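Spelled out from the first residue to the last, the chains are:
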Amino acid sequence: MDVMPKWAEVILVPLISLLLAALLSALVILAIGEDPIAAVTLMVKGALGSTYGWGYTLYYATNFIFTGLAVAVAFHARLFNIGGEGQAMLGGLGVALAALYIPWPHWSLALIGAGVMAGLFGAVWAAIPGWLQAKRGSHVVITTIMFNFIAAALLNYVLVNVMRPPGSMDPASARFPEAVHLPTLHELLAPLGIAFSKSAPTNISLLVAAAACIVVWLLIWRTRLGYEIRAYGHSQPAAKYAGISPVRITMVTMIISGALAGLMAINNVMGESERLVLNATEGAGFIGIAVALMGRSHPVGVFFAALLFGFLYQGGAELALWTSIPRELIVVIQALVILFTGALDNMVRMPLERLFLMFRRPGPPANSADSEPKPGPCSAQSESAE
Amino acid sequence: MDYITLIQLLDSTVRLATPLLLACLAGLFSERAGVFDIGLEGKMLAAAFFSAALASITGSVWIGLAAGIASSLALSAVHGLASITFRGNQLISGVAINFLAAGMTVLIAQDWFAQGGRTPSLFGGARFEPITLPFADAMADVPIIGPLYEELISGHSILVYAAFLAVPLTWWILFRTRFGLRLRAVGENPAAVDTAGVSVVGLRYAAVAIAGLLCGVAGAYLSTALQAGFVKDMSAGRGFIALAALIFAKWRPWYALWATLLFGLFGALETRPDVIQSVIGIKVQGQILSALPYLMTVVILAGFVGKAIPPRAGGEPYVKER
Amino acid sequence: MTDTAPAIELKGISKAFGPVQANKDISIRVMPGTIHGIIGENGAGKSTLMSILYGFYKADAGEIFISGKKTDIPDSQAAIAAGIGMVFQHFKLVENFTVLENIILGAEDGRLLKPSLSKARKSLISLAEDYGLNVDPDALIQDIGVGMQQRVEILKALYRQADILILDEPTGVLTPAEADQLFRILGRLRSEGKTIILITHKLREIMEITDTVSVMRRGKMTATVKTAETSPPELAELMVGRKVLLRVNKKPATPGDVILDVKGLRVVDGKGVERLRGIDLQVCAGEVLGLAGVAGNGQSELLEVLGGYADGTGNVTLNGTPLDLSGKKSDGQSRRARGVAHVPEDRQREGLIMDFQAWENNVFGYHHDDRFNSGLLMDHAAIRADAEDKMARFDVRPPDPTLAAKNFSGGNQQKIVLAREIERNPDLLLIGQPTRGVDIGAIEFIHEQIIALRDQGKAILLVSVELEEILALSDRIAVMFDGQIMGERAADQTDEKELGLLMAGITDTENEHSVAEVEANLARAGGDASKEV
Amino acid sequence: EPALIFDLGGKFDKSFNEAAFNGATRWAEETGGKFAEIEMQSEAQREQALRRFAESGANPIITMGFAMADPLSTVAPDYPDTKFAVVDVNWLDLPNVRQVSFAEHEGSYLVGVMAAMASKSNTVGFVGGMDVPLIRHFGCGYAQGVMATNPDAKVIANMTGTTPAAWNDPVKGSEITKAQINQGADVVYAAAGGTGVGVLQTAADEGILSIGVDSNQNHLHPGKVLTSMLKRVDVAVYDAMMAGEDLEVGEVVTLGLAEEGVGVAVDEHNKDLVTEEMQAAVDEARQKIIDGEIKVVSYYENDSCPALDF
Ligand SMILES: Nc1ncnc2c1ncn2[C@@H]1O[C@H](COP(=O)(O)OP(=O)(O)OP(=O)(O)O)[C@@H](O)[C@H]1O
Ligand SMILES: Nc1ncnc2c1ncn2[C@@H]1O[C@H](COP(=O)(O)OP(=O)(O)OP(=O)(O)O)[C@@H](O)[C@H]1O
Ligand SMILES: [Mg+2]
Ligand SMILES: [Mg+2]
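Chains as they are written, first to last, in my numbering: chain X, 32 to 417; chain C, 1243 to 1564; chain Y, 6 to 538; chain H, 17 to 326.
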């Protein structure tokens, strides 16, 4: 039963929450003796004030879209996949193998090939915990945490002992051949006569990420599989009644989730660094959890939450470049944003609801019988996935 | 592997298990009351910093400990506010707390000490020193039990003994007191507690506060007992391992002890590749060694531990009216 | 009675949940030493009103007087202090606690449990003796039947020395024998001067035990009358706002071929306990086979294995072709493909996804049907149209397919499930507890639908703990006890008494049997009924 | 105005980056100049920082760490008028980049000599941070120094882990140190960033000797740190900033013992630990290495170490 109109729920609540987070961040900046207004201006200008800034913002956002979607899909089946980090690492390995050892004639084919490998490797890395959960009852939260560590060790081994070009100090793979270079936004937009910064790393993976949002949306709300995933997530006894196999749903969902996380590698590994480095994922898998939670597990929400985090990353980088503010400030700001928009959102929602109710009361007394229709599929549950 | 090596290994196990155990019991209180807590890591980190910072400033480790606990409690209060009062998402709140602690500790450390997110090294009374139990030296030469007593049982900081005592205490509180009964009930069915005339909110806050207290001790142990100062990110994922141990332990105090000791043992084994080599006969490659604790966990989990059923009302805010 | 102050007096109570006005300006007086009934449709606001009295919800406006004294009841603690006890419609028990622990929860005697537990154990024994409320104090709640659970709830209130006892739909889950016993206890309590408020959908119970009765409709109190001065039809009309038929109108059945043939069906549960111990039964086209029995005697398992989501062994044929009882071909979807429809016992747990909207629930289990899909994607327009159509025909209120299932009242939720399953035109309909907790208006409708399906020549297997319902709907009645069929009777040649004895596992229904014997048998059956609906 | 780009460890890592920071600070204090700086947070920022500083007119731009090699090779050609310096890289071919690398294995060899002489148990330890070739390179030189001095000695080497957390886990560093002590080690060499703090602390607590790395860490536990393997990143950075726009680019500089780019620290905190004999042995070894009489094998040469098995 909705008290508030949808626009208030979707726009007003997050906006006010964001403002509160910004306010508190400003206080923190003040406390360490810096000028908050200058800092915010710098962040906004640096992240959104130029195609260059956008280029980086969107690059980070692309990573977060993939990992956010990965977590979101699993949430719909009530599976809490904390393993996005490890799955994305493995995805990177898949991309590197595809890019280095197959002679691709054209980047487009390479993108498809590397994407398949990335998805496959990520999927495998998620499928094992999925299988252990479905068949052995091992809690997917623990196993995915463990698999993050195992992935790190595996990657370390591969980069230090196997894929590192001989004599190179850098625990990284060789550079990918020119043929697999993915077009950047600059190269994509130039033919259209749009000037986009040449140096920003945003690349065609952004479009893949956007497409992934649409595909995930279709999957979850338009296909039978998505219907079954959601049903299973909401009620396991009911799913059983309907003949939905728990093992199948758990496995399929984890595989899709892992594939999405793995796909991130086409952005950071293939699109940006064009070689596989240690720690290529840089915690994007964990940011994905926050992104999915904040986006309420809906692709559109994930998209915007990823943008927000992309903005924070790039704005934070600018702050670090031009001021002596320690980089940890950005971490604090991220924390406040997550806290206010994600966990304390009811602090804003409750008074707002009361406000809206005050304007509604004079209407005819309602019974459950004439209550508001529920919002569309976007209101899917995201809370508590365990 | 000879006896003394075994003792040394177990000694290391105890040290490594202690912060895990404290954090695990913290999680146990919170989750038994129906509040999931993935912010153990952050609380531990904050406490590690503040206890080292205050110990360094005042020269007293006890003031440090109090400050560590206070900081951890403050983060607990944030978690409580978000997940109990405002019925927010407990997982998000935990994630936020982890970020908050990671950033804030370094920010404040830099502001206070200007040593790049560290505290100065702690000396003398600003540190928890190992305690030598009575007769430890005298007994050292007694065969078998001598080394056991002297090496393994004696010679830890007071917080280690506190952590181990916390296990029976936790068990006693949960299963033998009124408070424990109510706390367990509120994690299973808050409505039952509510209709029995007991405040759900009050109980959950109490549980979250106990979690804060225990995480505070865990953090202080890291920076003032195991180490002599704070280094950024020094909790190094132990909060998550504690969480894994909690699930592993099926939310039970004694199991929590065994689970964290097991994790501690894996960690200790990782530092002794020579022992592993002597036991299995082949040299274990470095990266495999690093992955070993995690691999073993997965294997044990899949092989020997059945399904863990969390407290039924866990993770759900208590909502009476929507 | 005019000179004594009412035990309870509510004045002008109003309560809104967000935009829903659950209680509107309600006033009511209940005299001490009486049983006061409250009836009303699903969602009328009965539970809300009582929850306010018990301090579970806070009223937006209004005053509460206990024994003439104005009393603030901000929380349940205050209510308990004022001598009020309540047994909720949905029990408030901690499933993995023992009976004793549940009883002392919140009413412990000190900081330590031991003394509280031993004290409670003693008073439990004396309460049990006084009122005939026998329970095993050390049993886990999840291991005892609902009837037992309800006893625990009543004991909880008595242990807290409640003078005022509120019971919200207490008989919904009880067998007739259990219900009778409950009423005996309530009578006892009344004679001791305690005041009782009883919410129920069953007019028979109102007539049988209450002194006065109030009727609620859409959040308002529409009438309060002396029970002696009213009649069931009048109450029903007050409740629903129109005349209601209180009997099922049906022609004699014309059974056809055997549709379902069950031979030697066995089911072993996860703990290795044999739940079904060789069931043989047949259901023919055009008849209703009623399956009576105390909850937990295997009816649920029977429905589950026939519905395809529990494994079993034995020989089961449908329309003459064998039915897989385990493996890949034994799940909900393959059953549906074979023409089996299933209305599960617990609509909220199994039959519906409470967070899905009505139209989504409308295809639950049938979501692979061609007509609900176009290619890879589901055809939402077709599903919605179908849902609207079904909701209109089954008179689901409100007829809004975009409303989440949880926002419909129990009766309307049941209609959604029923519409989904019946409209499939199945050969066999498995139906469990079709009217549990459903109000009179909706019961009438649901019964009509079941009979209509029978008259179309479909086979129906009906499971219900309501003997009255079994007797009213069935053509033949089988009674289950402890995983076996105790006997089978033609519906028009048996009665509640005979069935009641069979339900207690007593086959020689000719002789007299002591109450104790029946109870002992029931306790035995209920005791290992860890699986409850 | 010069700019300085720190590696992921951050400028206060108590070793490598901090040395660079100290060099830059010294320059700033002496000349009154100012420099721009940034600590890396992510891989993608490397190229970003290079470009942003180049565009803002910073010159020279000094960057730390081998991981900058790759971004530098794409960015430097785009800004031919800007001069870059990169520390720990020696394999690029760029006209406007000065590449400075250090012969860490040589410095490590020397501390290995000292460790071997200081050890009474003939067992010494090495604690590395994250398992990467650079750290193996340190350990390898160390082991060679130990074995050359005392062929009967045993070198126990452990790495802290495989994730970046391995740089900041003093608790684990501490535990590894204890494990090495249990195996008989009485001197440990830490090349592990923040983890090393725990190694040095535990060594001091347990009464054995430790060896610091990169910066002079002797003062951390006076009388308990045998020495520190100095890697004069500070000098390299200071020199580069001093040179300013006149920085000589296009060349590859390897700073070894001869150039005093690496060395051992002897100061008032450890002078009592360093015997004359030890000093003499170190001096001799240094001279022999400079003269080419002793060849310390680099781990990079064929990704393996003659004296230690990783
Ligand atoms: N906790 C709640 N939050 C929001 N709305 C509620 C809540 N409980 C009840 N309602 C609303 O209040 C109205 C009255 O509900 P209530 O449970 O009191 O009805 P009832 O008469 O007990 O129905 P039933 O016969 O089904 O038990 C319902 O229509 C429902 O919409
Ligand atoms: N917490 C709640 N929030 C919103 N609506 C609620 C809530 N609790 C109950 N309702 C609604 O109140 C109405 C009746 O509530 P109640 O829970 O008493 O009955 P029910 O369990 O749905 O049905 P039945 O009485 O048949 O068991 C239903 O419409 C139900 O969906
Ligand atoms: Mg009700
Ligand atoms: Mg109801």
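Do not rely on the hints blindly, as some may be mistaken.
To be verified - Between beta-carbon pairs, the in silico distance windows are: (1) Ile-1551(C) x Asp-65(Y): 32 to 40 Å; (2) Ala-242(X) x Glu-473(Y): 43 to 51 Å; (3) Arg-1554(C) x Glu-134(Y): 30 to 38 Å; (4) Leu-145(Y) x Ala-242(X): 30 to 38 Å; (5) Asp-316(Y) x Ile-1373(C): 53 to 61 Å; (6) Leu-54(X) x Leu-145(Y): 49 to 57 Å; (7) Ala-241(X) x Lys-411(Y): 28 to 36 Å.
Derived from the structure by calculation, the hints contain no laboratory data. Note that the structure is predicted; figures quoted are calculated from it, not measured. Just so you know, even glycine gets a beta-carbon here, dropped at the ideal spot from N, CA and C.
Tested hints:
no.: 1; hint: Ile-1551(C) x Asp-65(Y): 32 to 40 Å; verdict: holds (39 Å)
no.: 2; hint: Ala-242(X) x Glu-473(Y): 43 to 51 Å; verdict: violated (59 Å)
no.: 3; hint: Arg-1554(C) x Glu-134(Y): 30 to 38 Å; verdict: holds (34 Å)
no.: 4; hint: Leu-145(Y) x Ala-242(X): 30 to 38 Å; verdict: violated (52 Å)
no.: 5; hint: Asp-316(Y) x Ile-1373(C): 53 to 61 Å; verdict: holds (59 Å)
no.: 6; hint: Leu-54(X) x Leu-145(Y): 49 to 57 Å; verdict: holds (50 Å)
no.: 7; hint: Ala-241(X) x Lys-411(Y): 28 to 36 Å; verdict: holds (34 Å)
Violation of the numbered hints given earlier is confined to hints 2, 4; the remaining hints are satisfied by the structure.
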